[in-house]
Amino acid sequence: MRTFLALWKRELSAMFLSPIAYVMLMFFLLVTGCGFYWLVKENLEVMRSVQGLMVVIWACMLITVPVLTMRTFAEERKNGTFETLMTTPVTDATVVAAKFFGVLTFFIVMCLPTLLYLIIIRLLAPEAAHLIDAGPIVGGYLMVSLVAAAFIALGMLASALTSNQIIAAISTFSIMSIFFFGGLFEPHLSKNPMVREIGGYLSSALHLLESARGVFDSRSLVLYLSATVFFLFATVKAVEARR
Amino acid sequence: MIKVSNLTKQFAGHTAVDDVSFEVKRGEIVGFLGPNGAGKTTTMRMLTGFLHPTRGAVEIAGCDVFENPIEARRHIGYMPESCPLYTEMRVDEYLTFRAQIKGVERKAIRSRRDIVKEQCGLTDVGRRIIGQLSKGYRQRVGLADSLLHDPDLLILDEPTAGLDPNQIREVRELIRQLAERHTLLLSTHILPEVEMTCRRILIINKGKIVASDSPESLQKRLEGDILISAEIAGDPAVIEATLKQIGTVDVVDHEALGDGWNRYRIDSASPDIRTQVFECAVSKGWKLRELHLESRSLEDIFVSIIRDDKAAGAKR
Numbered sequence: 008m009r010t011f012l013a014l015w016k017r018e019l020s021a022m023f024l025s026p027i028a029y030v031m032l033m034f035f036l037l038v039t040g041c042g043f044y045w046l047v048k049e050n051l052e053v054m055r056s057v058q059g060l061m062v063v064i065w066a067c068m069l070i071t072v073p074v075l076t077m078r079t080f081a082e083e084r085k086n087g088t089f090e091t092l093m094t095t096p097v098t099d100a101t102v103v104a105a106k107f108f109g110v111l112t113f114f115i116v117m118c119l120p121t122l123l124y125l126i127i128i129r130l131l132a133p134e135a136a137h138l139i140d141a142g143p144i145v146g147g148y149l150m151v152s153l154v155a156a157a158f159i160a161l162g163m164l165a166s167a168l169t170s171n172q173i174i175a176a177i178s179t180f181s182i183m184s185i186f187f188f189g190g191l192f193e194p195h196l197s198k199n200p201m202v203r204e205i206g207g208y209l210s211s212a213l214h215l216l217e218s219a220r221g222v223f224d225s226r227s228l229v230l231y232l233s234a235t236v237f238f239l240f241a242t243v244k245a246v247e248a249r250r
Numbered sequence: 015m016i017k018v019s020n021l022t023k024q025f026a027g028h029t030a031v032d033d034v035s036f037e038v039k040r041g042e043i044v045g046f047l048g049p050n051g052a053g054k055t056t057t058m059r060m061l062t063g064f065l066h067p068t069r070g071a072v073e074i075a076g077c078d079v080f081e082n083p084i085e086a087r088r089h090i091g092y093m094p095e096s097c098p099l100y101t102e103m104r105v106d107e108y109l110t111f112r113a114q115i116k117g118v119e120r121k122a123i124r125s126r127r128d129i130v131k132e133q134c135g136l137t138d139v140g141r142r143i144i145g146q147l148s149k150g151y152r153q154r155v156g157l158a159d160s161l162l163h164d165p166d167l168l169i170l171d172e173p174t175a176g177l178d179p180n181q182i183r184e185v186r187e188l189i190r191q192l193a194e195r196h197t198l199l200l201s202t203h204i205l206p207e208v209e210m211t212c213r214r215i216l217i218i219n220k221g222k223i224v225a226s227d228s229p230e231s232l233q234k235r236l237e238g239d240i241l242i243s244a245e246i247a248g249d250p251a252v253i254e255a256t257l258k259q260i261g262t263v264d265v266v267d268h269e270a271l272g273d274g275w276n277r278y279r280i281d282s283a284s285p286d287i288r289t290q291v292f293e294c295a296v297s298k299g300w301k302l303r304e305l306h307l308e309s310r311s312l313e314d315i316f317v318s319i320i321r322d323d324k325a326a327g328a329k330r
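Protein chains in written order, with this note's numbering: chain A, 8 to 250; chain B, 15 to 330.
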């Protein structure tokens, strides 16, 4: 546990010490901020804007997750610090877990300022305050964290498989975009109902919309949890095998 | 302390380490020598458990490195070849982090950190960012890191690579101090380094151990061989051919010194042939301005062992 905490802390501090983290933070807040402004302007109902915000956050993940995860193993491997790390008395699983929670923590911290948007609405439009419903908001953010966890684990797997960060980022992005476009263009993808159904199951955007609407769907919960566990397991194996 | 048996590592297409077995006893200082690409780093990486071998086993302080890696790693302080560090961290920060993941007791971390900083001459740079330190200082940070958990065994892969002569001397002095309290295995391809610090030498070539002995007995092995240096003026081809006719001479080579002078290095299997060379020069009327017996350095031993190994390989 102590080694886990030490590694987790180092992972987080490494992220805050790199300029990439700040570029990502700025990008994320800019896009979600503009997105939310536009959503509130277009929608009469506050909660619909919140649902929209979840999809905007998901769209941002498409860029931020590959960029945040690409360095986890690829950078250590390139710099050779992987060797100093893996010759200390720590298990591969501890290292993978610490890196995973490090990136996930960073991602959640990055999302926190978006809660301010709701507070701003409360302050600027007291008459809409009673429309803000805590349940779906909590559900929405929980689902955002779950989706992020699954794709962070995927990104780490890609990073563990290569010592080239660009390759890691692009392969993560490619796989994520299946989930992105699969849902977004679901009605337009195919006339075949089966393809449309599969597209719907894989659509992270739909899952996020549902959860922010207050609908609890155990299928998507199982999908993201099992994907997270699977990708983390595969990452541990990749770390072991690439020796 | 270290027990290596039949260690083999194959990479796609070639065998980097080929059936290597050796032992290192507690308190020994062993130099691991070999030309570039001989398999030194690969062997060391397997000793630390970073690489898995294709075949064979490694035991460190009684723990099998591959069956029980965590326990075995507690006994090892390892500094990899290029001394990789997290360059964005401060020295103190880095050492504290490393002490934590190496399982140094919470209360002992600060004192261990201060001890190794003192040992490695880092006391003044604790607040500096590692990326801004010179190569010599980074090397010291790597060394301090390998000492943090007070390991029984230190494995150092080319600890003086890329340092300037002054820094090399410092690091060498540090290593000599460490040798008093730890078992040491250090690799290098710089021979004087081994001559000065190590009590036993392992020579590896093309993935195989070709010699394992103290520097003195390695020297003795070559004592039968005699190397004579002579400076003679004249046509080198003629002189070389004539010198080769002296009974026990094996190899003659020469280097030009300018103005018609050449320095000949004459390898002879047995007795001292200086008088014969002199008589030869007198009878042919060559001008001879220097003639002396050269003492064999470790470098010659190394070259000769590698050469013998090559010759044996050719015969096979």
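To be clear, the hints were calculated from the coordinates, so they are not data collected in a lab. Mixed in with the good hints, there may be bad ones.
Unchecked claim - Under the rule of at most 25 Å between Cα atoms (straight-line distance), these lysine-lysine pairs were calculated in the DSS-like manner:
1. K85/A x K244/A
2. K121/B x K149/B
3. K220/B x K324/B
4. K85/A x K324/B
5. K324/B x K39/B
6. K16/A x K39/B
Quick caveat, the model's predicted, so the values are computed rather than measured.
Each hint, compared with the structure:
1. K85/A x K244/A: Judged against 25 Å, a Cα distance of about 19 Å means the pair holds.
2. K121/B x K149/B: violated, 31 Å
3. K220/B x K324/B: Measuring from Cα to Cα gives roughly 10 Å; hence the hint holds.
4. K85/A x K324/B: Violated, at roughly 35 Å.
5. K324/B x K39/B: violated, 30 Å
6. K16/A x K39/B: violated, 39 Å
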